[in-house]
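Using the sequences and the hints, build the whole thing.
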Amino acid sequence: MTTFFPHVFGHNKIQQYLAAAIDNKRIANTILFYGEEGLGKSTAALDLASRITGTTRIWDEQIASHWLTVEGDNIESLYRSPDGKIFYMKPQHMELKMEQFRLLLENIIILDDTPHVCIIDEAQSMGAAIANAWLKTLEEPKENLFFILVSHDITRMLPTVISRAELYEFTSLDYQSFELFLNKQKKQLPDLQGRNYKDIYRISTGNPAIAIELFGENGMQCYDKAVRFWETITHSSLPYTQIFESNKKIDKKEFQQELLWCMSIGRNIMLLANIPEQAETITYITERERAIAQIWSDGKAEKALEILKVAYNACQRYISTKNILDMIVINLCLIKNGG
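Going by the working numbering, the sequence shown opens with residue 206, and the numbers climb by one from there.
Because the hints were derived from the structure by calculation, they are not lab data. A couple of the hints might just be wrong.
[As the list claims (entries may be wrong)] Here are the simulated DSBU-like cross-link-like pairs (lysine-lysine), alpha carbons at most 30 Å apart as the crow flies:
#, residue 1, residue 2
1, K430, K508
2, K430, K541
3, K218, K347
4, K230, K347
5, K430, K403
6, K430, K458
7, K391, K458
8, K341, K230
9, K505, K457
10, K302, K341
11, K458, K505
12, K527, K505
13, K391, K514
14, K527, K541
15, K430, K457
16, K541, K514
17, K508, K457
18, K392, K430
19, K392, K458
20, K457, K541
21, K508, K541
22, K514, K403
23, K389, K430
24, K290, K302
25, K290, K341
26, K403, K391
[To be verified] Cβ-Cβ distance ranges computed for the label pairs, FRET-style:
#, residue 1, residue 2, range
27, Q499, R361, 34 to 42 Å
28, I535, N423, 23 to 31 Å
29, M299, A496, 34 to 42 Å
30, N349, P395, 43 to 51 Å
31, P395, I455, 21 to 29 Å
32, D456, I280, 19 to 27 Å
33, Y445, I280, 35 to 43 Å
34, H212, I455, 31 to 39 Å
35, W264, M299, 24 to 32 Å
36, L443, E304, 43 to 51 Å
37, I315, R433, 54 to 62 Å
38, P481, E300, 43 to 51 Å
39, H212, R433, 34 to 42 Å
Bear in mind the structure is a predicted one, so any value in this text is a computation, not a measurement. For each residue, glycine too, the CB sits at the ideal point set by N, CA and C.
In structure tokens, the structure reads:
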């Protein structure tokens, strides 16, 4: 890891550019980190905030780690570092609320002229009314007041908000950075043992969070269940009955892990269905995957993969796992049968 973002793997060009911007005192007042979830954007925002304000307490005292991991009803409206230099907010019940922004405004109007940073995580969940209300604040920020917006889906953000920010796109890690990540996180990834790192890189598409989901606790159990799901959809004459019978009680986190594995298997099936001779050179293929690939030729695998992606995105919101599973099974059966 380079030292500018000490808690982030990869994204060296972004780190170098922002380091130079701070050294030259040319850091933008509004910055937007965007890209796929799990690439380190929120952590990078907190690292950058530490650099701008000159404080490390949020990391030294495990404050930042708490902000990043707190979930559900435990999320507070607004977090503030002990020295009052850094503010952090994230969605409550899947969206940013007007009350959170009112509270932030009450704090920033009384700030002194020393550097302060406001981090708005998952900014794509900011409604149009809130975004429009905040445009003036973004356009005319106080001196030494910086906003860092983090978005997993920039297409859901208002163009007027995007246009006020300096944009930095976070993409999949290069292999060298991903390898460093795997070596650092071995204790969190018990299912790594005996596996080829390049296979893990391909399966995880260079995304650290996906690697943790797939190869963390219960990862291989979820893989086995995901393969059985594909086998059931492919071969069973009663897929609805079998799948719903085995998923009467389903934990949401475990369901997300299984969906990630279903997507990974789906990509392998797509490759096997379209370029069987080259598939092995691109990714790691199991015999169980090979046995079901032929049924998903003629574009069926691509359509199935799109359904699984929609399902995974739905799982990030407050949508019932049963309803999501219903949608997956119905659509995949229709696709398999040519519908």
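Going through the hints against the structure:
1. K430 <-> K508: Answer holds: K430 to K508 is near 21 Å, not above 30 Å.
2. K430 <-> K541: The given pair, whose Cα atoms are some 19 Å apart, holds under the 30 Å limit.
3. K218 <-> K347: 28 Å, holds
4. K230 <-> K347: 16 Å, holds
5. K430 <-> K403: Cα-Cα ~23 Å, so holds.
6. K430 <-> K458: Since the Cα atoms of K430 and K458 sit roughly 14 Å apart, the hinted pair holds (cutoff 30 Å).
7. K391 <-> K458: 20 Å, holds
8. K341 <-> K230: Since the Cα atoms of K341 and K230 sit roughly 23 Å apart, the hinted pair holds (cutoff 30 Å).
9. K505 <-> K457: Satisfied, since the Cα-Cα distance of roughly 27 Å is no more than 30 Å.
10. K302 <-> K341: 18 Å, holds
11. K458 <-> K505: Answer holds: K458 to K505 is near 27 Å, not above 30 Å.
12. K527 <-> K505: Holds. K527 to K505 sits at ~24 Å (cutoff 30 Å).
13. K391 <-> K514: Satisfied, since the Cα-Cα distance of roughly 28 Å is no more than 30 Å.
14. K527 <-> K541: 21 Å, holds
15. K430 <-> K457: Distance ~14 Å between K430 and K457 Cα, so the pair holds.
16. K541 <-> K514: 17 Å, holds
17. K508 <-> K457: 24 Å, holds
18. K392 <-> K430: Since the Cα atoms of K392 and K430 sit roughly 23 Å apart, the hinted pair holds (cutoff 30 Å).
19. K392 <-> K458: Given that 30 Å is the threshold and the Cα spacing comes to 19 Å, the pair holds.
20. K457 <-> K541: Distance ~26 Å between K457 and K541 Cα, so the pair holds.
21. K508 <-> K541: 10 Å, holds
22. K514 <-> K403: 23 Å, holds
23. K389 <-> K430: Holds - the C-alpha atoms of K430 and K389 are around 28 Å apart, at most 30 Å.
24. K290 <-> K302: With Cα atoms ~22 Å apart, K290 and K302 stay inside 30 Å; holds.
25. K290 <-> K341: Holds, at roughly 22 Å.
26. K403 <-> K391: 15 Å, holds
27. Q499 <-> R361: 34 to 42 Å: Distance hint for Q499, R361 holds at roughly 38 Å.
28. I535 <-> N423: 23 to 31 Å: Between I535 and N423, where Cβ atoms are some 27 Å apart, the hint holds.
29. M299 <-> A496: 34 to 42 Å: Holds - the Cβ-Cβ distance for M299 and A496, about 39 Å, lies within 34 to 42 Å.
30. N349 <-> P395: 43 to 51 Å: Distance hint for N349, P395 holds at roughly 46 Å.
31. P395 <-> I455: 21 to 29 Å: 22 Å, holds
32. D456 <-> I280: 19 to 27 Å: Holds: the Cβ-Cβ distance is about 20 Å, inside 19 to 27 Å.
33. Y445 <-> I280: 35 to 43 Å: 36 Å, holds
34. H212 <-> I455: 31 to 39 Å: Given about 33 Å between the Cβ atoms, the range holds.
35. W264 <-> M299: 24 to 32 Å: Given a distance of about 27 Å, which is inside 24 to 32 Å, the answer is holds.
36. L443 <-> E304: 43 to 51 Å: Given range 43 to 51 Å: holds, Cβ gap about 49 Å.
37. I315 <-> R433: 54 to 62 Å: The hinted range 54 to 62 Å holds for I315 and R433, with Cβ atoms some 58 Å apart.
38. P481 <-> E300: 43 to 51 Å: Cβ of P481 to Cβ of E300: about 44 Å, so the range 43 to 51 Å holds.
39. H212 <-> R433: 34 to 42 Å: 37 Å, holds
This entry satisfies every hint, going by the numbered hints stated previously.
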